[in-house]
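Q: So the chains spell out like this:
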Amino acid sequence: MSEGFVNFSGITAAMPAANINTDAIIPIPWMRTAHADLGKGLFAVQRYDDAGKERPEFILNQQQFRSASILLGGENFGCGSSREAAVWALVQFGIKCVFAPSFADIFYENAFRNGLVAGIIDRSDLEACIALSGEEGGDPVFAVDLLNGTLTHANGRQTRFRIAASRRDALIRGDDEIGLTLRYADDIAAFHAEGLANYPWLHAPLTSKVST
Amino acid sequence: MNKPAQSLFEKIWQSHLIRHFDDGRDLLFIDRHVLQETTSARAFEGLVRKMRPVLHPELSVATQDHIISTEPGRTETTNPQGRELLTLMRANAFANRIRHFGVEDPRQGIVHVIGPELGLALPGAILVCGDSHTSTAGGLGALGIGIGTSEVEHVLATQTLALVKPRTMRIVFSGRLPAGVTAKDMILHAIGKFGIAAGQGHAVEYAGDTIEALPIEARLTICNMSIEIGARLGLIAPDEATIAYVTGREYAPRGDMLERAIAHWRGLVTDAGTNFDKDLAIDSTMIAPQVTWGTTQQDVVGIGERVPDPASFNEATRRELASDAMRYMDLSPGMPLEGLPIDIAFIGSCTNARLSDLEDAAAVARGRKVADGVRAMVVPGSMSVKRAAEAKGLHTIFQEAGFEWRDAGCSMCVSMNEDVVPPGSRCIATSNRNFENRQGPRSRTHLASPAMVAAAAITGKISDVRKVMAS
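In order, the protein sequences belong to chains A and B.
First residue of the first sequence: 0, per numbering that gives the first Met the number 0; consecutive thereafter.
First residue of the second sequence: 0, per numbering that gives the first Met the number 0; consecutive thereafter.
Since the hints were derived computationally from the structure, they do not count as laboratory data.
Don't take each hint at face value.
Keeping only pairs whose Cα atoms sit at most 25 angstroms apart, straight-line, the calculated SDA-like set for lysine to any residue is [to be verified]: (1) B:K192 x A:A184; (2) A:K95 x B:R41; (3) B:K10 x A:A184; (4) B:K192 x B:L176; (5) B:K192 x A:K208; (6) A:K208 x B:K10.
Covered, in the sense of this in silico footprint (three residues per stretch, anywhere, with C-beta under 8 angstroms from a C-beta of chain B), are these stretches of chain A [said to hold, decoys possible]: (7) 14-27; (8) 64-72; (9) 105-114; (10) 138-150.
Cβ coordinates follow ideal geometry from the N, Cα and C atoms, glycine included.
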């Protein structure tokens, strides 16, 4: 991560089904190369027909949601495969925040490593936001305030989302996780050296019993 | 003063703690890092961008498993679609002095199969890999943690991870398993009972006399599917069977070091009186061979049961998901699963492609023929498994019955290579995910044990292996 998170207002799209897995978020055909156009591959099976044409009924193909930057998801969002490409696809499409009642563990971790806000929101609040954004003639624009943990609709209605303070601050600063850890390089080296004495079968270089 | 009772998980976590951060996370030392071709390329790119070296290449190992062809005698170029990622894995390993068990190496295989097999995964170790089924190593009493690509980069650069300590959960299996019921049925049953998100935010310990009686390969199968119950890691306390399994493996400790290690491993147990944040129980005597009917692993029933009526679920969201799943799977409420015709039978994956799995399937295939019109394939979990199976003559049994006998890789579990279920086809598989489109666009997947998949291959329909064996 390099850029810090800045509060913004954006278009909200709702995909509130429970258990949306990472296979659905970024299907396997987009995983076969190191630099696929993941934004294009986002939800590809739902988004395109067999000929590659957009399915008009899919929410992100609809005129008012094509530029969505906020996604409202259901329980256990991002379950299944550990593929970080699921997060990259959301980010490359332009999604900056996903709000859902719960997230799968690995997806949650991957999200923060890419500056994607994964905020926890109660089911009832989720439904209320969907009603405001999705109804015929509704307005899908919400403002996200990360520091205060609020999602505010254009009509003024405010919804709270939850995010650990440390995660929130790291997003705002745009922390480089590896850089932060490397500040403790001496501690890591000392731990490894101590391990060589106490648990050599774990810390010594891997050696084959077969001489190679 | 008495030490407070600690779980096995907490003991291993504590012994890897470098420091505790103010933000609540723990910085942990990572003993082993296993890499594969589809989740590592961008991690190496990130290192190059920042000019960061790999800190401990001597504790890392790489292989090619996800996109590699499984055609017998394959090379890196057999599946042209895989060439980029396969070449990058080999090149990145070479550039960073990481051991690479590529397609040309006799040790090549699925990451989670070769980890235990080569003695890379050890009791009490923390092993990570950019793949959600890394929890497999928990079957040896290790913490196997599945990670994303940014974390792969983090481990390469620092040999650590900063993680929030998960809550603890235990599932106790009690009683003797009925005949024809396997570890796969145990874990599928548990997921069906507790749901696919039950383990979210938790580390699961599997315990009880049923678990203690399981051979090591079966324990690996149980821990493999921890992610399918929502947990990033799952483990089983090591015992004498574990020590016997590990001893003599290629990268396992030897001599005096082994003696010291064994003394340490014997202390890796959950203390009596330990409290778990979640403590669940299962009566193993009530488990039947399981088959999934829907598009998540919690959509599962015993072979004698019928596809449930969505209306029977309490939650509205579950009712809706069940209806959608039935439409996708082309099933109707109340219909029996037994007798449902299948097109493909797939025996493979990190869940169920070890020697004992192939033996289970071969016992069913022996002297029988695959039904007309069914494609049946066996994809060993590693080339070592393949050689061991051939030494026992299993390949002859499979080939005479009409099964394909392929080379090692993830194959039709993730369908990243050319092993794909055609649209609308119905596949019964020993793998771990029955998600929509998982095995190919519009593929329909039923998960089951190796013996159940072999039985379906023979009869051409989903069958009760106990009846097939009796006939």
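Q: Each of the hints needs a verdict: does it hold here or not?
A: Hints versus structure:
1. B:K192 x A:A184: 45 angstroms, violated
2. A:K95 x B:R41: This hinted pair holds, its Cα atoms lying about 21 angstroms apart.
3. B:K10 x A:A184: 24 angstroms, holds
4. B:K192 x B:L176: Roughly 17 angstroms between the alpha carbons, so the hint for K192 of chain B and L176 of chain B holds.
5. B:K192 x A:K208: 44 angstroms, violated
6. A:K208 x B:K10: 29 angstroms, violated
7. 14-27: With 8 residues close enough to chain B, the hint holds.
8. 64-72: It is violated, with 0 qualifying residues against the three required.
9. 105-114: Coverage by chain B holds for the segment 105-114 of chain A (5 residues, Cβ < 8 angstroms).
10. 138-150: violated (count 0)
Checked against the numbered hints given earlier, this structure breaks hints 1, 5, 6, 8, 10; the rest are met.
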